[in-house]
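Letter by letter, the chains look like this.
There are 4 protein chains.
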Amino acid sequence: MVSEVKSLNEECGVFGIWGDAQAAELTYFGLHALQHRGQEGAGIVANEQGHLSGEKGLGLLTEVFDHPDKLAHLTGNAAIGHVRYATAGSAGIENIQPLLFNFNQQQVALAHNGNLTNAVSLRATLEAAGAIFHANSDTEVLMHLIQRQTAATFEQRLKASLRQIKGGFAYLVLTNDALYAALDPNGFRPLALGQLATGAYVVASETCALDTVNARFIRDVQPGELIKIDDHGYHVKSYTTDTQLAVCSMEFIYFARPDSTIYGVNVHQARERMGQLLAKEQPVDADIVVGVPNSSLSAANGYAAASGIPYEMGLIKNQYSQRTFIQPTQRLREQGVRMKLSAVTAVVKGKKVALVDDSLVRGTTSNYIVRLLKEAGATAVHLLIASPPLRYPCFYGIDIENTRELLAANLTLPQMQAQIGADSLHFLSVAGLIAAINLKSSAPYSGLCVAYFNGDYPTPLYDYAATFELPQVMA
Amino acid sequence: MVSEVKSLNEECGVFGIWGDAQAAELTYFGLHALQHRGQEGAGIVANEQGHLSGEKGLGLLTEVFDHPDKLAHLTGNAAIGHVRYATAGSAGIENIQPLLFNFNQQQVALAHNGNLTNAVSLRATLEAAGAIFHANSDTEVLMHLIQRQTAATFEQRLKASLRQIKGGFAYLVLTNDALYAALDPNGFRPLALGQLATGAYVVASETCALDTVNARFIRDVQPGELIKIDDHGYHVKSYTTDTQLAVCSMEFIYFARPDSTIYGVNVHQARERMGQLLAKEQPVDADIVVGVPNSSLSAANGYAAASGIPYEMGLIKNQYSQRTFIQPTQRLREQGVRMKLSAVTAVVKGKKVALVDDSLVRGTTSNYIVRLLKEAGATAVHLLIASPPLRYPCFYGIDIENTRELLAANLTLPQMQAQIGADSLHFLSVAGLIAAINLKSSAPYSGLCVAYFNGDYPTPLYDYAATFELPQVMA
Amino acid sequence: MVSEVKSLNEECGVFGIWGDAQAAELTYFGLHALQHRGQEGAGIVANEQGHLSGEKGLGLLTEVFDHPDKLAHLTGNAAIGHVRYATAGSAGIENIQPLLFNFNQQQVALAHNGNLTNAVSLRATLEAAGAIFHANSDTEVLMHLIQRQTAATFEQRLKASLRQIKGGFAYLVLTNDALYAALDPNGFRPLALGQLATGAYVVASETCALDTVNARFIRDVQPGELIKIDDHGYHVKSYTTDTQLAVCSMEFIYFARPDSTIYGVNVHQARERMGQLLAKEQPVDADIVVGVPNSSLSAANGYAAASGIPYEMGLIKNQYSQRTFIQPTQRLREQGVRMKLSAVTAVVKGKKVALVDDSLVRGTTSNYIVRLLKEAGATAVHLLIASPPLRYPCFYGIDIENTRELLAANLTLPQMQAQIGADSLHFLSVAGLIAAINLKSSAPYSGLCVAYFNGDYPTPLYDYAATFELPQVMA
Amino acid sequence: MVSEVKSLNEECGVFGIWGDAQAAELTYFGLHALQHRGQEGAGIVANEQGHLSGEKGLGLLTEVFDHPDKLAHLTGNAAIGHVRYATAGSAGIENIQPLLFNFNQQQVALAHNGNLTNAVSLRATLEAAGAIFHANSDTEVLMHLIQRQTAATFEQRLKASLRQIKGGFAYLVLTNDALYAALDPNGFRPLALGQLATGAYVVASETCALDTVNARFIRDVQPGELIKIDDHGYHVKSYTTDTQLAVCSMEFIYFARPDSTIYGVNVHQARERMGQLLAKEQPVDADIVVGVPNSSLSAANGYAAASGIPYEMGLIKNQYSQRTFIQPTQRLREQGVRMKLSAVTAVVKGKKVALVDDSLVRGTTSNYIVRLLKEAGATAVHLLIASPPLRYPCFYGIDIENTRELLAANLTLPQMQAQIGADSLHFLSVAGLIAAINLKSSAPYSGLCVAYFNGDYPTPLYDYAATFELPQVMA
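Residue numbers (our numbering), protein chains in the order written: chain G, 278 to 752; chain W, 278 to 752; chain E, 278 to 752; chain Z, 278 to 752.
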């Protein structure tokens with residue numbers, strides 16, 4: 278949740294609802310609970326008696342919907358919404374979702390969380406056949422595929438198209454008469470179905486959004502499933518049976534909200550167990566345990582409980598650091614001006630600190646925090662990462678594009694420790710991670726994707742295979 | 278820091294600097310660290326070679342300074358800034374500080390944190406003598422007093438005026454050639470002096486702002502002091518010797534940032550001790566300790582440590598709930614739509630919860646949280662307030678205007694417990710609070726103001742005396 | 278130019294430039310001169326060494342480019358721009374032009390003024406073949422046609438596509454290495470080529486935009502031409518030889534700016550001649566001639582000169598009425614509150630007024646103006662329309678969609694006069710209009726399109742043929 | 278009305294209403310008709326059953342009231358409003374009027390059009406007595422004077438204060454129970470009283486605002502009058518009998534809207550007569566008469582009629598040039614890029630042009646227009662100014678601050694002609710101006726102020742006397 282610090286970003290959250298007169302409002306509140314999954318743009322498309330219309334914009338949900346008028350015109354009983362994280366090159370309004378397509382006969386709105394591994398080649402093939410793309414995102418590829426299918430029904434065309442795309446994806450598709458939710462064959466991204474007391478069905482990237490609108494959890498959408506929701510209820514279908522569970526382990530480590538539950542595992546508790554197992558695997562000599570706020574507090578708590586070392590609030594995050602148009606100049610940064618994190622001198626002074634962080638990407642933040650703690654008087658800082666070293670890129674929806682920027686892909690443990698300036702540096706093992714999450718599945722790695730740690734990707738890499746590079750330092 | 282939930286609000290934060298070429302930028306970053314003290318408006322006035330000019334607006338600091346241009350034109354070596362909490366009736370731009378006054382001979386800018394107890398009568402007297410006030414805030418009263426003094430120097434006129442005003446105040450006054458910082462005779466509001474590596478002096482409502490700009494802490498401003506900072510350094514003066522320390526205990530309980538230190542006492546650690554003493558005074562039969570995020574986490578941690586009951590993250594606060602223009606309708610609220618807090622079902626289900634909150638104002642939030650936890654499966658919720666019952670209004674700068682809205686002023690303990698729906702309800706004692714904060718002072722209540730708890734105001738009430746009402750339920 | 282009063286709207290203006298280091302700035306100023314052709318949206322796409330990027334938005338050009346930053350990032354030596362008039366149903370940002378398409382191999386930006394008569398059927402065919410349209414405007418059709426051509430060069434594909442579209446169009450197409458300007462086979466819409474002193478070539482909907490950037494007029498683009506501009510100069514090509522000039526006569530009557538010259542005819546002078554011929558065809562007994570500001574002043578001047586009746590400023594238009602978010606309520610309108618036009622009582626009181634207007638659409642404005650003049654004391658108001666009765670819709674780019682809303686299509690002359698409340702009502706004849714414009718051409722109607730007056734459309738109606746309705750009252 | 282071109286600016290327009298349930302809306306529409314008198318800021322204060330509240334902001338009226346919400350909250354039966362022209366140094370929001378003052382016992386709102394000649398000394402005296410001013414405008418001075426009076430009633434205090442201020446002023450004062458309109462003893466600025474059909478009374482800077490809200494004109498407010506409007510009707514009172522009419526002649530020449538009538542003289546017709554008399558005083562050898570749009574069209578029409586030379590539309594003003602954030606760079610200006618005015622080549626080519634402008638200030642615009650016409654092919658340009666040479670500053674409300682910037686104050690006629698580049702240059706005589714306006718008054722100059730032309734100020738100069746400089750070239 279400190280994406281601005283870590284530069285490790287989720288690519289989006291989705292929310293859909295069918296059957297409530299306040300569909301757009303509920304989508305707004307659902308998306309608000311998913312805001313941590315994307316802060317660059319947001320949008321909602323509503324279905325008013327078969328007619329779709331939408332509103333979207335750049336920025337936080339509250340910035341896009343900065344006047345009740347913006348929401349009030351989105352009437353109707355169904356809606357889908359999206360919060361987006363965008364890489365720099367594709368930050369235009371045209372990439373903000375849901376994408377709304379108007380055809381002569383029907384309208385279709387699409388919202389997508391994930392990343393396709395064959396989008397580039399599909400796009401090239403489609404363009405060669407005359408297709409015109411308006412946005413950079415993968416989302417549009419699915420619409421072009423659907424449009425070129427010849428099957429009789431929309432559902433059949435959708436299923437055939439889903440079989441053509443590869444990678445990680447959770448798609449919501451709103452048409453004039455139904456809401457579809459589709460998950461990739463590995464279930465990389467989480468997607469949950471629920472029901473309101475009013476009978477309306479909702480589907481969302483995380484269960485925290487179901488809780489926010491007070492929806493009862495029904496089930497996780499399963500790999501390869503296509504769930505159709507219409508006025509007759511919800512219908513579970515499959516577009517493929519060639520599935521194998523490989524939930525993104527980074528959802529548990531870092532992305533998902535602590536109160537969300539994915540495939541039966543509560544995220545906060547999984548993080549606590551990561552901290553506990555880390556304490557067992559990597560005991561250190563420390564006076565206090567300090568977590569990096571806010572995402573590492575669960576793991577730090579677990580570490581403290583298992584190690585018996587008291588947990589202390591040694592770092593404070595400024596609650597107002599989400600949006601700023603003014604950054605310290607180079608001169609001020611050198612003078613030590615800092616906006617987001619502060620050390621609590623009274624807590625850390627004269628102490629040996631076990632500093633728990635959820636993950637290590639480039640190491641710049643860790644280096645900064647270690648220095649902060651030492652300047653505040655910590656006599657030693659042991660950095661404990663509650664996940665394994667990140668060494669491989671992700672192709673399924675997390676913004677770890679290449680290994681060059683990953684510290685652990687380029688340096689050995691002692692080199693990393695030296696660069697960060699910590700007195701020692703420790704990681705949780707892959708086995709420890711899997712045990713901590715404890716997903717009940719017979720699939721490899723107990724149903725988790727841990728490819729960023731060990732390079733064992735659950736699928737072919739398709740378009741990314743050609744340029745894939747092994748890390749300098751391997752697992 | 279969850280002011281929108283609690284409706285208990287601090288009235289402002291101030292920051293001033295003298296002697297750095299990036300004075301306005303540093304003021305911006307200093308105010309950013311004080312944003313929790315006021316979110317309704319912000320402003321900065323800078324001194325460019327004796328000429329003062331400013332920029333201010335409604336909203337968060339980042340909303341007021343929403344383009345680098347807004348800050349870039351505030352050149353000069355000195356500046357003062359202000360973040361404001363405003364009551365509904367006085368939310369206009371004219372009340373946003375610093376107030377900048379242009380006279381024929383000089384300019385004066387004022388920023389103020391606190392509340393005057395004789396402002397109404399001073400204002401009436403001044404108006405009867407022809408004075409015209411443009412804003413509603415107390416701040417302007419001081420300027421009118423200064424302007425009507427006959428003493429030779431500005432400093433003398435300022436001192437004479439400070440002796441006329443009563444109540445709680447921390448004033449920053451920027452003139453063409455100096456920066457003044459004045460504290461009321463009881464030191465109700467915190468105010469700290471520091472120095473940058475560049476030699477510039479800074480003064481701020483809390484030490485967390487000094488830390489943010491990497492200033493070295495020099496000293497707390499003392500009751501009755503007037504500190505003058507100019508190109509020759511800083512000069513400690515007194516405008517009165519009739520002083521008696523009575524620091525606002527609510528700063529420790531709720532307002533100040535955990536990493537701030539007031540009169541030598543770190544706020545986070547004071548809160549931890551409040552939790553510890555509460556555990557000793559009020560043990561409960563619980564499986565887990567849960568704190569209300571974010572302000573009660575220190576106290577909850579202390580309670581857990583002292584009681585031996587494990588601390589768990591049973592409640593999650595949405596990090597993006599600071600600004601929203603769209604609220605759930607009545608129908609959606611009845612359906613259970615909630616934007617700010619969520620219970621972690623996996624944590625609380627089947628558990629007896631010791632719920633720790635820092636304070637209890639109206640009880641509506643507590644009622645809401647207790648219901649949230651019970652709906653998530655908690656079998657019992659014991660509400661533990663890490664401060665005494667709030668029964669009396671504050672006249673020194675906190676927005677507790679009358680006793681009618683204070684739950685503890687109107688109901689007995691069993692009545693409160695019933696209304697909140699908790700299985701039991703407990704408060705820290707006043708003695709426990711004083712012991713937890715542990716201020717080294719020989720003044721009554723060890724140098725703290727605890728009047729909101731026991732009605733023992735350290736000063737006469739002046740304008741408020743006539744309408745003062747005793748609570749229904751007294752301490 | 279009083280589109281908000283008349284509800285008769287041009288559909289857009291275009292401007293393009295190749296070869297100047299300040300291409301985007303010059304496009305901005307060129308578009309500013311074309312703002313009267315569309316006030317609903319504006320955009321500019323610039324070519325920076327082969328890479329295209331753009332900026333666009335809803336509203337006036339000055340509202341879209343409301344900060345120099347918005348223009349400053351549009352660097353490069355070439356650019357195209359567009360100002361748009363949009364019908365209610367297609368007011369979204371996605372319809373604002375230029376449309377920028379990103380392909381694997383190249384980028385293409387399109388700006389379009391006009392209306393295609395076979396867009397619906399082309400679109401249906403394209404969608405059936407899998408095409409996906411993102412906007413409602415016709416503009417996109419051309420891109421899809423180009424993309425599905427198989428010819429080797431972009432120019433060949435563009436020519437083949439231009440042969441497939443029907444109707445009125447002036448297209449600007451910016452690619453990575455050239456700027457193309459294409460005009461429909463009838464030259465319905467004006468389009469002029471010019472050159473700056475710096476050598477850069479510019480192309481614009483009207484010559485007033487050339488004047489604004491101080492470009493020398495070279496030539497009008499001719500029907501069926503495709504002009505290619507690149508680093509080697511400009512190249513005149515034809516995509517078809519099946520052409521016949523039929524310039525929109527409404528450009529002369531109402532749309533174009535008086536200082537523009539179309540096919541050698543200055544618009545102001547053509548209007549003056551319309552007024553002169555109207556005076557000869559329709560003399561009236563009046564004391565003064567009054568024109569409806571601002572578009573009818575030329576014709577009124579001509580009428581006065583030819584009739585010998587003095588011209589007087591009897592009506593004033595509020596110069597600030599372009600953008601208002603607040604309109605008089607029904608009650609205030611009934612009380613006579615009026616925002617845009619005022620009668621000059623001192624001028625009209627006791628006078629018989631010859632009121633000259635350029636055209637008559639629904640009659641509501643005329644009715645309002647006649648009442649205004651009579652309330653100001655005019656003893657008689659003779660309404661003189663300096664163009665023939667509008668009875669047929671336009672399919673080539675003017676927003677006269679059906680005959681139902683055209684007064685002259687539904688009422689006889691006496692009925693119209695009665696409804697408007699004028700003492701007499703007169704129109705210029707079609708022959709008089711043609712003589713006044715005096716275009717040197719051997720084509721029918723001297724090279725003008727006068728179909729809105731007599732139903733004699735210069736082309737088949739294609740998609741509009743099926744629903745075409747004859748007016749109730751025919752010429 | 279082309280203030281951006283001429284840099285000769287009126288200082289504000291005022292509108293007030295008492296007795297209509299839609300008072301604020303009507304004020305909005307009245308101010309809209311006065312927008313030409315000030316474009317830098319606007320505001321409205323409404324009286325809801327004795328309670329005053331307001332809304333104001335920087336920019337055009339339509340920019341300040343950019344959402345119906347902004348107006349909707351201004352309920353009540355009375356209101357005053359203001360449009361402001363501001364000099365660069367005082368452009369802050371605090372100077373935007375009406376100024377609203379809140380006292381313990383009452384509220385007062387002030388709106389002011391004009392300039393006080395003893396404001397600086399009054400302000401110095403008031404400050405020395407302890408007064409604090411918040412804005413730079415003169416408006417506030419009156420409030421301080423009122424507040425320091427000792428008379429029993431507000432009306433008495435207001436009258437006594439009006440006697441203390443000198444210069445040109447039209448003040449509207451809204452209190453909890455009445456609306457006051459006061460005019461200076463010379464009637465420099467126009468102010469008219471009217472009545473709606475609903476019985477409500479309105480008072481406005483120009484009669485065009487009365488017309489806009491369909492109010493019947495009752496009378497001009499006379500010099501030295503104080504009109505009080507309350508629930509019992511309107512009451513004409515005098516605060517002084519030492520009066521002498523000296524209406525600002527620039528109102529007739531340039532500022533007022535052509536449809537306004539001041540002291541019985543219609544502005545358009547006065548301008549026509551200026552043109553007619555100019556033709557008699559200064560005949561030239563020309564083929565066509567061209568007026569500078571929009572303010573000079575009446576005078577040009579008069580010149581054409583009296584000279585027999587045909588009037589032609591040789592210059593076009595861009596209707597969309599009111600607000601732009603982007604100006605041509607120096608390089609583009611040198612290339613001839615022009616945004617506001619265009620010459621109609623077809624009209625002026627080969628012609629000797631009699632160019633009529635209303636006034637001549639710095640000469641830069643005239644120089645620009647002459648060049649424009651010559652580049653368009655005019656063989657000669659004779660510049661005819663329909664008013665006398667401007668040589669002296671105005672101290673009563675027009676922004677002609679010193680003689681340095683006035684061309685005619687520094688150059689002889691031949692020098693001016695050479696600098697402007699005209700083939701000849703001619704001015705209307707002072708006697709001709711007075712005859713053209715033809716005000717029925719026995720006061721000097723027939724009741725007009727012509728001091729900017731001849732230095733004969735109708736009042737002492739007070740604060741300005743010390744720095745007053747005679748022009749280099751005198752009348």
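Any given hint could be a false lead.
Treat identical chains as interchangeable: a pair holds within one or across any two.
Stated by the list, open to error - Computed list of lysine to aspartate or glutamate pairs in DMTMM-like fashion (alpha-carbon distance at most 20 Å, straight line): (1) Lys347 to Glu371; (2) Lys626 to Glu371; (3) Lys629 to Asp564.
In short, the hints are calculated from the structure, not lab data.
- Message: Tell me the hint numbers this structure goes against, listed in increasing order.
- Response: Number 2 only.
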